[in-house]
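> Sequence:
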Amino acid sequence: MMEQNMARTILEQVAAGSMSVDEALLKWRQAPFADLGFAKPDYHRALRQGTAEVIYGAGKTPEQICGIAASMWEQGQRTVLITRMSREAAEQVGCKLPLRYEALSRIGIVGEMPEPDGKGTVVVATGGTSDIPVAEEAALTAQVLGNTVTRVFDVGVAGLHRLLSHMDEIMSARVIIAIAGMEGALASVIGGLADCPVIAVPTSVGYGAAFGGVSALLSMLNSCASGVSVVNIDNGFGAGYLASMINHL
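Sequential numbering of the sequence shown, starting at 1, is according to my numbering.
Nothing false has been slipped in among the hints.
Okay, derived cross-link-like pairs now, SDA-like style, lysine to any residue, Cα gap no bigger than 20 Å in a straight line:
1. K119 to L242
2. K60 to C95
3. K60 to Y101
4. K40 to T79
5. K40 to V54
6. K60 to R100
7. K40 to L26
8. K119 to M171
9. K119 to I246
10. K60 to G37
11. K60 to Q92
12. K119 to G50
13. K40 to Q64
14. K40 to Q75
15. K119 to C196
16. K119 to H248
17. K60 to A39
18. K40 to S71
19. K96 to Y56
20. K96 to E74
21. K60 to S86
22. K40 to W73
23. K60 to E102
24. K96 to M113
25. K40 to E74
26. K60 to A103
27. K60 to A70
28. K96 to T79
29. K119 to T150
30. K60 to G94
31. K96 to R78
32. K40 to A58
To be clear, the hints were calculated from the coordinates, so they are not data collected in a lab.
Can you make the complete structure from the sequences, with help from the hints?
Here it is as structure tokens:
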């Protein structure tokens, strides 16, 4: 939205005669990104893709995360999403910017949470309580991108009646994110019940033969339920982002 407002302002100034065409071209050339040395924040991401750039925190120092977030905030981005953020980075960013930090999901949100403008509800379901950190990454990502989210936790196939007690939420969802480790069966079960797209997220939860989530990944890729797609192991962010795209179509 910030990039669209900026583009509209430039065009209005050109139309009013207060800015020349050459000045507008120069403004646009300068606008797409900033070079911070260690990063190049992409200010035109939302204009091209509908969603602003997200900061991936893992592997970045607290100083780098703070610098990137501050640059985006100063350019007018009202909500900055930071994933895989350490508590140390959160403390540093929080000293300079209005940060909300969720330790369980390692999500940082700078600024305001937008009002939902998606067409329906995104349901985030987990096989077990151990999958909740990944689920919260997905849920918060979807919320930051303007979606209403319903959480349905600990409804795995070891006690199928728990899932069946949430049929109203399952049947009324526009997109469902099914998150599970172990054998990853939850995605197939939900895929066989729901009439909407199901995004499966394998997690690294499980004993030795789960191979850090590979077992769940392969099970989900081989799902016999139609309409199930799969993202990478523990990739709650990717699932939340894709669910938002579907819910805004």
